[in-house]
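K.L.:
Residues 3 to 330 in this note's numbering are what the sequence shown lists, from first letter to last.
The hints are simulated quantities; they were obtained by calculation from the structure and are not laboratory data.
Idealized CB from N, CA, C, for every residue including glycine.
It is possible that part of the hints are untrue.
[Stated by the list, open to error] Label pairs and their computed distance ranges (CB to CB):
| hint | residue 1 | residue 2 | range |
| --- | --- | --- | --- |
| 1 | GLU47 | LYS200 | 29 to 37 Å |
| 2 | GLU80 | SER193 | 25 to 33 Å |
| 3 | GLY45 | ASN14 | 19 to 27 Å |
| 4 | PRO187 | GLY292 | 26 to 34 Å |
| 5 | GLU47 | ASN14 | 46 to 54 Å |
| 6 | GLU7 | ALA279 | 26 to 34 Å |
| 7 | THR226 | GLU80 | 32 to 40 Å |
| 8 | MET37 | ASP314 | 44 to 52 Å |
| 9 | ARG108 | GLY292 | 30 to 38 Å |
| 10 | GLU165 | PRO60 | 18 to 26 Å |
| 11 | GLU7 | GLY210 | 16 to 24 Å |
[As the list claims (entries may be wrong)] Below, computed lysine to aspartate or glutamate pairings styled on EDC-like, alpha-carbon distance capped at 16 Å:
| hint | residue 1 | residue 2 |
| --- | --- | --- |
| 12 | LYS330 | ASP19 |
| 13 | LYS200 | ASP154 |
| 14 | LYS92 | ASP176 |
| 15 | LYS255 | GLU274 |
| 16 | LYS255 | GLU275 |
| 17 | LYS200 | ASP176 |
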Amino acid sequence: MNLRENAMAIYNRQQPDFYGDLMQAVELIPDPVMMGDMPPQDGKEHADSWGTIYLFPPGAPGPHPRVNSSNAVIKDIEKWEEQLKVPSLKGLDWTLAEQVASSINRDEKFVCFMFGGGLFERSHHLMGMETALINYLEYPDEMAALLRVIADYKIEYIQMVAEHTHPDIIFYHDDWGSKQNLFLPPRVWRSIIKPLQKEISDVIHDCGMIYMHHADCICQPIVTDMVEIGVDIWQGVIAQNDIVEIQRITEGKLAMVGGIDGPKVDIENITEEQIRAEVRRAIDTYCPAGRFYPSIPNGICFREWNNSIVMDELEKYGRQWAQEHPIK
């Protein structure tokens, strides 16, 4: 099997050659909006197309928003319509994205479009995390109206992505929690975010694409909702979730990518055997239920030696496990 065939075997509960990270079978294509919004890695403040201030310090893994009371786009949620200017999607240069998409052999790899900054993330990037959390609780109607506008923008963009590049997978990013819990009470998430996320999911599927949702955080309280929304694959499943219980209550309807406790092994003064044991633990614990791709939820260990051991054990034990546990 090639990488795509092996990934689809796991997805369809068929016998794979090995159990490994789905992202091995994925080729990401450039996002015209993200490329335009990416700040230089100079540690200085730069505004993206929504007006949010970002910094990208030298040596950092990526840019981060720096939102405070003076530079927030939305300073008063009751006046958000006066303060927000939704960026235009007209005139985007799709040349590079189309070239990369057409160069990928779809028989061997998935063409994947990384779709960053989901509804929740964009909302707190516009006003700051603390303010957003307060507003979700104290001004739910205003937040719902704001997210309606953000969702319309995202739906329009997904349709454009499908028209120009026809990806196999939309890799939609929106972290809904931390390593301890959801950011919002489930009832608030269900009332404001869930209905709009269902619309976004429907558009992804109507365009013939797989909906893979990245959230490397706790999502356990809403996993059945994720199934109802239509999330096909949850990428970023951290071990702080009770993954075995999630597999039980979702009845195998939610394919998952993750399970290896990255922070546990991405440390100094750890032995090679301890790293390999964590990889084997994840495979032994989560692969029996099927539709599971063992991996580090955020992608890699940042320490090169640690990452090389994880990848080596995942390759060796993931293949051994598949051979010793055939699907009948």
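K.L.:
Is it true that the C-beta distance of GLU80 to SER193 lies inside 25 to 33 Å, as the hint says?
P.N.:
violated (19 Å)
K.L.:
Taking the CB of GLU47 and the CB of LYS200, does the distance hold inside 29 to 37 Å?
P.N.:
Taking Cβ atoms as reference, GLU47 and LYS200 lie about 36 Å apart, which means the hint holds.
K.L.:
The hint says 16 to 24 Å between GLU7 and GLY210; measuring C-beta to C-beta, is that right?
P.N.:
holds (19 Å)
K.L.:
Does ASP19 sit within 16 Å of LYS330, going by the straight-line distance between their CA atoms?
P.N.:
holds (14 Å)
K.L.:
Between MET37 and ASP314, does the C-beta distance stay in 44 to 52 Å?
P.N.:
violated (33 Å)
K.L.:
Quick one, are LYS200 and ASP176 close enough, alpha carbons at most 16 Å?
P.N.:
Holds. LYS200 to ASP176 sits at ~14 Å (cutoff 16 Å).
K.L.:
Is 32 to 40 Å right for how far apart the beta carbons of THR226 and GLU80 are?
P.N.:
holds (34 Å)
K.L.:
For the pair supplied as a hint, LYS255 and GLU275, confirm whether the alpha-carbon distance does not exceed 16 Å.
P.N.:
violated (34 Å)
K.L.:
For LYS200 and ASP154, compute the direct alpha-carbon distance and say whether it is at most 16 Å.
P.N.:
Answer holds: LYS200 to ASP154 is near 12 Å, not above 16 Å.
K.L.:
Holds or violated: 30 to 38 Å for the Cβ distance of ARG108 and GLY292?
P.N.:
violated (25 Å)
K.L.:
For the range 19 to 27 Å, tell me whether the beta carbons of GLY45 and ASN14 fit it or not.
P.N.:
violated (46 Å)
K.L.:
CB of PRO187 to CB of GLY292, is that within 26 to 34 Å?
P.N.:
At roughly 32 Å between Cβ atoms, GLY292 and PRO187 fall inside 26 to 34 Å, so the hint holds.
Going through the hint list in order, the structure does not satisfy hints 2, 3, 8, 9, 10, 14, 15 and 16.
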